[in-house]
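Asker: Please build the complete structure, drawing on both the sequences and the hints.
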Amino acid sequence: MKHIREADILKNQPIATDLWEMVVEAKDIADTATVGQFVNLYIGKGELLLPRPISICEILKEKNSLRFIYGVVGKGTKELTHKAVGEKIQILGPIGTGFQIKEEIQDHIVIGGGIGTPPLLELVKNLQGNVSVYLGFRSEPILIEEFEQLGAKVYVATDDGSAGIKGTVIHLLQKHTPTAQMIYACGPKAMLAALAQWAAQKEIPIQVSMEERMACGIGACVGCTCKTQKQGEEDWQHLKVCKDGPVFWGNEVIWYE
Amino acid sequence: MNNPTLKIQIAGVELKNPVMTASGTFGSGKEYSEFVDLNKLGAVIVKGVSSTAWKGNPSPRIAETYGGMLNAVGLQNPGVDVFIKEDIPFLRQYDTKIIVNVSGKTIQEYCEVAEKLSHADVDLVELNISCPNVKEGGITFGTNTAMVEQVVKEVKRYCKQPLIVKLSPNVTDITEIAKAAVSAGADALSLINTLLGMAIDIHKRKPILGNGMGGLSGPAIKPVAVRMVYQVAKAVEVPLIGMGGIMNGEDAIEFILAGATGVAVGTANFTNPTATIDVLQGIENYMQRYGIGDINTIRGNLR
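Chains as they are written, first to last, in this note's numbering: chain D, 433 to 689; chain X, 16 to 318.
Don't read these hints as lab results, they were simulated from the structure. Treat the hints loosely; a few may be bogus.
[Stated by the list, open to error] To spell it out: a stretch of chain X is covered by chain D in this simulated footprint if at least three of its residues, at any positions, have a beta carbon under 8 angstroms from a beta carbon of chain D; those stretches are:
id, segment
1, 36-42
2, 49-57
3, 73-87
4, 285-293
Nothing here was measured: the structure is a model prediction, and the numbers come from that model. For each residue, glycine too, the CB sits at the ideal point set by N, CA and C.
Answerer: Next up, the structure:
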């Protein structure tokens with residue numbers, strides 16, 4: 433039987449404005465997790481009932497642990513920042529269907545927006561060949577050096593121009609006009625929608641990791657959905673972000689209602 | 016004390032214990048079967064099924080609130096034919112009763128589903144006339160005594176299994192609705208469905224839910240649910256399935272003391288996938304502590 437388990441918190445510290453890094457020891461999850469999956473973290477505080485879905489930034493198999501970078505966006509994630517090293521946290525995972533990595537593909541474009549960036553680090557660790565990483569932030573970039581250490585070329589944009597070019601990842605792509613065999617992206621829905629359109633024009637397949645408000649996180653409640661239509665299907669349907677996703681093919685997502 | 020009796024009867028169907036799953040929180044049990052031994056549950060009340068596939072509401076469908084949550088899923092389901100073909104054989108692998116929640120936009124749709132289920136291997140049918148998240152049907156049938164009588168009477172004609180009617184709390188006097196359902200032939204009642212609610216994102220100045228409003232569930236609504244079970248238990252003779260914010264065994268006992276025969280665990284499944292088993296254990300612990308040999312002896316038994 434699957435169960436929620438307790439994990440030792442090895443690290444929990446701020447790394448930028450409203451961004452925190454947490455490392456937990458969870459051997460069974462580290463052993464089985466694949467790129468682009470996530471975990472449920474349970475807050476364990478009476479009035480906050482629902483688990484928080486948190487993407488996996490790094491699967492540290494050799495250390496039997498997982499690294500997360502999470503945004504402090506509400507009461508639940510605020511509560512997570514109060515967890516101290518040495519305390520335990522309730523965790524369930526790995527959850528979801530992540531990125532597909534095909535060995536024959538050797539040219540990759542990886543695109544992250546803000547808090548969508550962390551899960552792409554584990555992705556880039558697992559890609560073979562040429563990897564270009566395009567990242568957009570409001571103001572403070574994160575993980576740049578870590579992507580570079582993996583041998584990726586990194587391009588940065590910020591809304592306020594404090595790092596990289598002033599603008600968005602779309603501006604970066606317009607400037608550099610890169611090409612590749614596969615695009616992987618994670619970030620705000622509006623960004624992903626624009627990227628899916630750009631990828632379609634370039635005729636490059638794109639995998640997008642979606643974010644949605646969730647309840648159960650195990651595919652039962654149908655609370656988190658993504659409107660999709662696969663090629664050959666007569667009609668659209670609502671797929672489950674927690675189970676069928678979070679990663680979907682960009683050309684199968686219906687971006688606008 | 017050895018082996019206290021947990022068996023209960025709902026309209027002539029014996030359940031091994033009073034613990035069930037609230038419709039819509041447990042799918043058809045597949046996902047939770049990886050966490051919970053379904054053989055231990057009194058019954059699985061499955062997610063609402065309709066005559067054809069329903070796509071449900073736009074995102075976001077979930078908003079957490081203080082001690083509760085709003086949902087506006089809108090009864091997304093693949094339709095009764097797929098349900099009969101795929102989900103009943105799955106559930107029949109387990110020694111638990113199957114209760115199927117029936118949804119519809121019109122009386123005719125409710126009847127179509129009931130008719131198809133009458134030939135299927137299910138133990139009880141739960142009529143959902145209380146979902147606040149669909150524009151037609153759902154709650155519109157459940158908030159008016161004349162409509163309740165009409166839909167229950169019609170569905171009874173097609174339904175071969177005992178019929179449970181699930182009541183909405185979004186009414187002035189729930190006992191009037193309960194009496195109407197029973198007079199029209201309801202064999203049991205389940206209550207409460209969610210309370211219509213709303214949450215607003217003050218930064219975007221928009222409702223959080225894609226559908227605007229949604230159904231409030233979780234411990235925040237438990238006192239309302241206990242009160243309504245207490246009132247309805249005094250107003251009608253049929254067995255009641257109590258639900259609304261049950262998080263543990265003590266909560267379940269509260270509902271039984273208020274007059275419920277069975278209980279259903281809903282939102283707690285999201286907080287803890289093994290909540291149903293924990294509730295069952297909590298009921299057993301309570302019975303041990305107070306030397307209760309038969310759960311049926313404390314039903315409605317307030318001092």
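Asker: Looking back at the numbered hints, which does the structure fail to meet, lowest number first?
Answerer: Hint check: nothing fails, all pass.
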